[in-house]
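Which chain is which? The protein sequence lines are A and B, in order. Going from the first sequence to the working numbering is simple: count from 1 and add 910. Going from the second sequence to the working numbering is simple: count from 1 and add 910.
Keep in mind that the hints were calculated from the coordinates and are not lab data. Do not rely on the hints blindly, as some may be mistaken.
The list treats identical chains as interchangeable, and a pair is accepted whether it falls inside one copy or across any two copies.
Pairs of lysine-lysine, DSSO-like flavour, derived with a Cα cap of 27 Å [to be verified]:
| hint | residue 1 | residue 2 |
| --- | --- | --- |
| 1 | 990 | 1058 |
| 2 | 1009 | 1149 |
| 3 | 1308 | 1101 |
| 4 | 1058 | 951 |
| 5 | 925 | 1101 |
| 6 | 982 | 1009 |
| 7 | 925 | 965 |
| 8 | 1149 | 922 |
| 9 | 1308 | 990 |
| 10 | 965 | 1020 |
| 11 | 1192 | 1020 |
| 12 | 1020 | 1009 |
2 protein chains.
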Amino acid sequence: MTTEYLDDIGVKAKKAASALARLTSNEKNMALTLCAESLEKSIDDILSANEEDMKNAADITDAYRDRLRLTKNRIADMAKGLRVIAGLPDPVNEVIAMKSLPNGLIVGQKRVPMGVIAIIYEARPNVTADAFGLCFKAGSSVILRGGKEAIKSNAAIAQVFNNVLQSLGLDANIVQLITDTSRETARELMKLNRYIDLLIPRGGAGLIRAVTENSTIPVIETGVGNCHIFVDESADLQKAAPIIINAKTQRPGVCNAAEKLLIHQSIARDFVPAICEQLQSKGVQIRGDERAARFTSGIIPANDDDWDTEYSDLIIAVKIVDNLDDAIEHINAHSSRHSEAILTESYTNSQRFLNEIDSAAVYVNASTRFTDGGEFGFGAEIGISTQKLHARGPMGLKELTSTKYIIYGNGQYRQ
Amino acid sequence: MTTEYLDDIGVKAKKAASALARLTSNEKNMALTLCAESLEKSIDDILSANEEDMKNAADITDAYRDRLRLTKNRIADMAKGLRVIAGLPDPVNEVIAMKSLPNGLIVGQKRVPMGVIAIIYEARPNVTADAFGLCFKAGSSVILRGGKEAIKSNAAIAQVFNNVLQSLGLDANIVQLITDTSRETARELMKLNRYIDLLIPRGGAGLIRAVTENSTIPVIETGVGNCHIFVDESADLQKAAPIIINAKTQRPGVCNAAEKLLIHQSIARDFVPAICEQLQSKGVQIRGDERAARFTSGIIPANDDDWDTEYSDLIIAVKIVDNLDDAIEHINAHSSRHSEAILTESYTNSQRFLNEIDSAAVYVNASTRFTDGGEFGFGAEIGISTQKLHARGPMGLKELTSTKYIIYGNGQYRQ
């Protein structure tokens, strides 16, 4: 039964995608603007659906409850997000390159819609609006499978978009929400490569792993961030402290927050107690290796797992390293390849760090918190890719498209 | 035991990759040139290894036997291929874009090596040299798993490269050949996502399917080509015939050869007999739908499977369509999304075909045989991607790289 249910969704998504691919930018932008307006008009309906979700979700953590909760402001932010997307340049049909071959053929490469995109996500109902908006503008129909706790909120939001699409004479199946939130259905969804061109999981490490291991659809992994800051021997310590405090404490729950602090041994004696005191005064729990613990009190011994863990919380682990080589080796062995920073005044060390660290975003003398589509000027993002294929780092509209070669001839055949 | 064997290969490949990533273009080009020279000096050894493979492979088809066979010329071609790769621009460290953000951060995006690439392939031993050369220049170590029939030839070729690398003081594990050619080991290789960044299958539809269904490593599908030519009502039939003959007969075994011919009903009466006669005179077997068979004799009835089959042989299936819509619908339903062509003098129809056909390469008035890295000016190719993620169409050196963001700051933290 699950198979039939998903098959039907797949067929409809593919059909919707081919009609969507033919819309002009104006048509898409108008639809997005109407969706934003309609979201605002539906605030009461969405809030009461969310209220039900909140009631049904009895045994969840406070952090999860916060992610699940919708407010007037949060719904207004979704609408604002759709208007921002309407204002962004349309990536579809952009010709990236075009040249003529010696035989007179003209070969161009242009961006085309991906086709059908599926998104599997967890608590936040705002993903329903963001993912629809980005996929729609990028010309792809979207199949959404949110967390079961958010099902009523997600359904209320998706219904708004379905209604707007229908009122415009467009195919409502451009966005479909999977209402069967069983694990079994999610697993089957991951095998639907005959209909779906791209699967993006948005959520914790467990979800990402499940998708990577089970999907036959091409996947882009997003979001796990075990980010490092390395304070080199020559760092300007006046600049270093605010960067570290910012990267750890400004928003500890997000994936570009710093989770690990590596400190060069030659500056450890003074810098470890100073930075730990500042972090602790902001409520940060500090874990560390034995060498770090020698320089200050109040450091909880870190175990082997700590070095591979994304805390997503006010916790940081401090490690003393002998030199840059040690720092690079440790980071490349333990990071999730999201964002890492070196704080240094050494030209050579900054270049080596930029070259040798194998992560999506590598910083010199700045906070890891900047790894973000908005900060990078993309206008909006669907997530931050930590894999190497197709897209790496913040993913905007362009990263949601594919390309195709178009070739203009006048009778050429191969010699 | 297999697990340990592959684990060891994975660890060594990852270690070799990080050293390889630091080589300059000059160092890589010199190594490639020496590999080419050494291949030429080893012709006798390689030929005698190939002789053994040919003896051991008793019950294989003639076509397979031809793919397996090495000759002096074929080895010289491999050496030439390596020299061509040495002469191509190095994609690694190319900065694609760089801009400054309002807060003074400078954000650049540069090409970086993929890391570790695995290639699973079938009969042709020349893939051993081509894949090594391209991956090496693109800065990635490579794990090769060729067909069991070619094991001695592949081992002899890989040994040449291992020796050259060692003689240059480089890590010989930059290229590793898997000598255990069991299916079980291939299946386990597909799960090694902790070491391998990209898996490329090169071979028939069966291999591609097995990899897509089993791999936990990001995959790029290559090569299956059920390519179509649509002859529109307004086609210049003088130009059409040579294009069709070329696309079908110039090299029927390759993936960009035409397999299907769709003909507009309004020109069928004259054109079907004319083109069939020309194709038959070149030894092409013609299958077709009922309507096509009405216009000429000697057409074998096509069954449902024909429309989805890549013959890779001197066979073509002919179908009469009512109009452009019919043609587009049939192609998007049955093609393998490789290469399709329209032959037309209609501006509107040419644009619709270019826009609405969902394939890697879409042609107007030219043969599908041009879908090729060499023809497109890439200098060399690792294969032709028929998927939408990361790379679509012929894949050259750039498509074997990833990117990373590099960010230059001077103390910035997020407000």
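Structure-based check of all given hints:
1. 990 <-> 1058: Within one copy only: 26 Å inside a chain, 58 Å across chains, cut-off 27 Å.
2. 1009 <-> 1149: Classified as between: cross-chain Cα gap 23 Å, same-chain 48 Å, threshold 27 Å.
3. 1308 <-> 1101: Classified as within: same-chain Cα gap 25 Å, cross-chain 30 Å, threshold 27 Å.
4. 1058 <-> 951: within (25 Å within a copy, 65 Å between copies)
5. 925 <-> 1101: within (19 Å within a copy, 33 Å between copies)
6. 982 <-> 1009: Neither. Shortest intra-copy (51 Å) and inter-copy (36 Å) distances fail the 27 Å Cα cut-off.
7. 925 <-> 965: neither (37 Å within a copy, 52 Å between copies)
8. 1149 <-> 922: neither (55 Å within a copy, 39 Å between copies)
9. 1308 <-> 990: Intra 20 Å, inter 37 Å, cutoff 27 Å: intra-copy only.
10. 965 <-> 1020: Neither. Shortest intra-copy (48 Å) and inter-copy (48 Å) distances fail the 27 Å Cα cut-off.
11. 1192 <-> 1020: neither (50 Å within a copy, 36 Å between copies)
12. 1020 <-> 1009: Classified as both: same-chain Cα gap 12 Å, cross-chain 23 Å, threshold 27 Å.
Consistency note: the structure conflicts with the earlier hints numbered 6, 7, 8, 10, 11.
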